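K.L.:
Could you fit the two chains together into a complex? Lean on the hints.
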Amino acid sequence: MVTAETVDLPAETTHPSDDRRRRSVLNWAAPRFCHHLPMTSSDGRHQLSNRPTAAVLVGHWEAKTEGGWITRQVAGALACVADVHVITPDGRVAGQTVDGVFSLHRLATPIDRSAELRRDLLVEALSRTGPERTPAMTPDLTALMDHHLIEPWRDAAEVLKALQPDLIVIAGHQTVGALTAIDRSLPDTPIALLALGTDSHSLAFPHFDHLFDRANSVLTLTEIERSSVAEACRGESKVHRIGAPMAANPSVLGEPNTWVGPTDYILVVTGTGSEDEDEEADLSRLLRLRFPDNPVGIAHTDSFCAWHQGRLNQGWPIERSSDMARLMAWARVTVDLRPGRLFARRCVESLLFGTPIVVPHDSRAKEHAERGRGGLWFSNPAELTWSVEALLEPATRDTFSVQGRHYAEEEYGSTDRFIERVASACGLPNAAIPAQVTT
Amino acid sequence: MGQPALDPQEFLEKLKAQHQVLQWEPLPPDDPERIKESGQTRTRGSLEYLHGHWTLPDDFDPADAGVGGIRGKIVTMFGRLTYRVMAPYLHEERDLLGHIVRVNEALQRRCDELSLRSQQLQDEMLRRQAAEASNQAKLALWLHLEPPSTVSTSGDGRNGRPPSGDNSSKR
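Protein chains in written order, with our numbering: chain A, 1 to 439; chain B, 1 to 171.
Next comes chain B alone, as it looks inside the complex (with noise of 0.2 Å):
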């Protein structure tokens, strides 16, 4: 043939051997932290909890007494007697409780219109962080081609070249 014989897997390892100068990358984007299930579910038991049980009895109920005779109307009496004189305070408490449930059933609600808020900004940053992530690598590719507005007609000291280092455009 005249000339020494080119392997080509040998020639593009030794390519891609002398190119090596710099591996750089954009950092990915971090996993994103989503909201747990558990975590919901079990504030979401809570407060049907709250629901269920915030009512309290207005009055005795004879059944509470759990036994029959004198002494069970003796109880029953003293209960209905106890529930008379704390009937305002009784009142009054269970508006507090319908209250506070209230109350919390509008946080909960709340605190799930933050939570998708936040979900979608971070998904909405992520993207963007993915989309700056891309462009740079393109730059950092154009940058490691050196483009064309860096090609100077002498070709002298390009991105820190020696001159005889580079001889991608003469022929």
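Same shape as in the complex, but just chain A (with noise of 0.2 Å):
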């Protein structure tokens, strides 16, 4: 379908249809991918006004972590049907500027990040040791959760009356101050949530009900975010799985990594530094220890080892997310000893690749083995090794290639399927999703 907005193109970038050329288009950060998107003239003022206005709230404004990601995936959706303004309180100085696809506005009045751990704390800390599963909030509570992280969003409300946007998307179910600016602004606009849900506790967690309530839809990563969220809203008709944008980059498939080379090797990636002796270290001692006469490249913060029949080869650490990819595109199977805690990102590239996974058996990325029987998980070291020397011998590892691949494809691996279902759950008419997109 092509829509107003939707420029002529040039007659080589034909194939409208190949959604390998459109999953370039989730590369947010470059304005220069879509034609059909608004420009935004350098006074912020919208060259195209008869397309819906979508304000996406959000604490940081960043890409390092899962929930910046996948914030920047979903704004970016929501930029093929609507001007996206994104208000954040991050910043040094007050003001809108023009990032990528995006109006930015800062209100250059951050959030203390230890207010925000102030909170997880005592999230984590009522919810396990209270005497009821579901504390009750007291003013005194409310007012010791909210310290500090109400006052930075003050003059959102502000931005969002000379807004007036159709929709505003608020980032993350634990974000009560984008919600107090909303009620002093603009209190009949319709929200959509982006939960951001990492663990149940906060999601069943009272003092952000309202947040839910208010919600006229919610969205998640994973099914297991999204039967919490449903579980926390008693009803699932607003909740939305919405997945994430993914693809597997194919140039990391000509070369391999320098430090392994073609071995079939098998990649652990371990989440802390090599020097450092907690359970991961251990694990990864263990594998390396277990399995000799197979090249095991583990992944340190601060390094990387790859260790052949007691032979160490110690290279830089993976710090690109393309090393890390042409590692696990590489690798016979991925040991994930501490994945996301969102939607575990680095598991779902790795079936993608065709790499099966071995995580955790109490992490987010055990739906990605389960779900999408791409892989095993572990509860004690002798599952991890029984596991992972399942998964070496080729027929079994072969299935697993197959169905988590075939998953990660189906549920990950559409641009367009992603921004459909982000609009749709936003409720913007999907007939504004252009279907031409170029470079």
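What the hints contain is simulated information worked out from the structure, not anything from laboratory work.
Fair warning: this is a prediction, and the values are worked out from it, not measured in the lab.
Please note that the accuracy of each hint is not assured.
[Said to hold, decoys possible] Calculated cross-link-like contacts (lysine to aspartate or glutamate; reagent style DMTMM-like; alpha-carbon spacing at most 20 Å): (1) B/138 with A/279; (2) B/14 with A/398; (3) B/16 with A/362.
[What the hints assert, rightly or not] Take a look, some chain B residues computed to stay more than 10 Å from chain A by CB distance: (4) 55; (5) 69; (6) 129.
Every residue, glycine too, gets a C-beta built ideally from N, C-alpha and C.
P.N.:
Okay, here's the thing in structure tokens:
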């Protein structure tokens, strides 16, 4: 379908149905990809005014964390159907700038990380030690939890009044300050809540109930998050699973990592330092000693260690995502000892490359292994070694590889479907989704 | 897909069943027997009674006669006479009781010290036992997983397994 905003494409940019071409749309940081997207003039005025306006309220506008990354992806998906204004307390100087396809409004009243940490600690402590599973919210407790978390959003009300958006997206179910700003400015505007729920305690905590109650729709990433939110909302009708837009980078298949080479190695991602004495270090040590005849590449946060037959080949830490993708693409099996807490993005990427995963049983990545049938999970060191041992068998590995890749491509591998799911969940017209995208 | 589908849950259960050759774990430490508080209190109560009652009277108290008049005077006179005659014996006995109480007090203190020391030794032994159990659990895990020192290049008959039953190091 072609919308009024879609411009004529050059002759060489055909294949409108080629999904791989469309994937490049989601490089949201670069504004060069969409001819159909609205261009914002240098003074912040919008050149196209017949599209709906969406405001995204986010505590931290960043891409380092899984939560930050998916917030940008959701904002990017909305940018295909609406003019997107991102409002964040971040920044040193207040004002409006252009960030790719977004208009970025910095309030320059950054949220204190220690206040967020105190809130998280309170949630965790009260959920685990209280006499009841859902503690009663007294005014004192409410004030303590919101201390220094409401004030940074004070100026957002004025920005919202000026924008008059058709839709407001709140990133994070704990962002109480954003809802306060909405209530002060545009209490009747539809709200979509991107839950970003990393644990069930936080999702079920009563202090955040009114965000779920006020939201017209709740966006979740994984099935386990969706079911947790549905339980917290006491209803499933407004909870939507949107997945994430991901793709296997084909360029990394051209050449393997030089430290391990094309050796069908076991890739172990510890998420900790090489000198740290914690469980992940013990498990990675166990794996390299248990499989001395297999090359084992261990990615620590401060180094990469390639072990083979007792010999160590040490390299630089894996910092770029393309380097990690290269390692996963050439590995026999990926053992992620500390997967991402939101949706284990690294594990999905491994599955997209057809590399089965072995993950902790109490992690979000278990969903990809269990529901996606893309790998195995462990609850003790013995199960870890049995699982890796089983996945080193070619027939077993190939089966899990095919199953995992099929799941990852179905659920996470399509940008088109992601945009449609986001637009549909937010109640924006799907017809506005562009059919043609060029880079 | 070309291959039969594999359900990871069933696959893991099958793996666990295959590897359940020996369920061994070290004995947990016994529950330590603490000195019972009630016994200690009772002992302390008896000692305090001794401290309060070891002193015997030196002479006859007329109030003990209980009656007045001639009868009372006669009882008082006989009482004083009796105490005067028995005085050396009573003093000896009071000294003896005093020594017995002091010895009991010293014994009580010594017993408390020994009990405390015994408790400390027991705690130390329990800590050591727990450390040994932890160490044995690690050893058991290593033995269960076939440590690298037992891996031969041929892999024949490792840990009593037939050669065909082990493919952990084969690719």
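K.L.:
Hinted pair, alpha-carbon criterion (20 Å max): residue 16 of chain B, residue 362 of chain A. Please report holds or violated.
P.N.:
holds (18 Å)
K.L.:
Decide, holds or violated, for the assertion that all CB atoms of chain A are farther than 10 Å from the CB of residue 55 of chain B.
P.N.:
holds (56 Å)
K.L.:
Over 10 Å from every CB of chain A: does residue 129 of chain B meet that, or does the non-interface label fail?
P.N.:
holds (23 Å)
K.L.:
Is residue 138 of chain B close enough to residue 279 of chain A, meaning Cα to Cα at most 20 Å?
P.N.:
holds (14 Å)
K.L.:
Between residue 14 of chain B and residue 398 of chain A, does the CA-CA distance stay at or below 20 Å?
P.N.:
holds (18 Å)
K.L.:
Please verify that the nearest CB of chain A lies beyond 10 Å from residue 69 of chain B's CB.
P.N.:
holds (75 Å)
When held up to the earlier numbered hints, the structure conflicts with none and fits them all.
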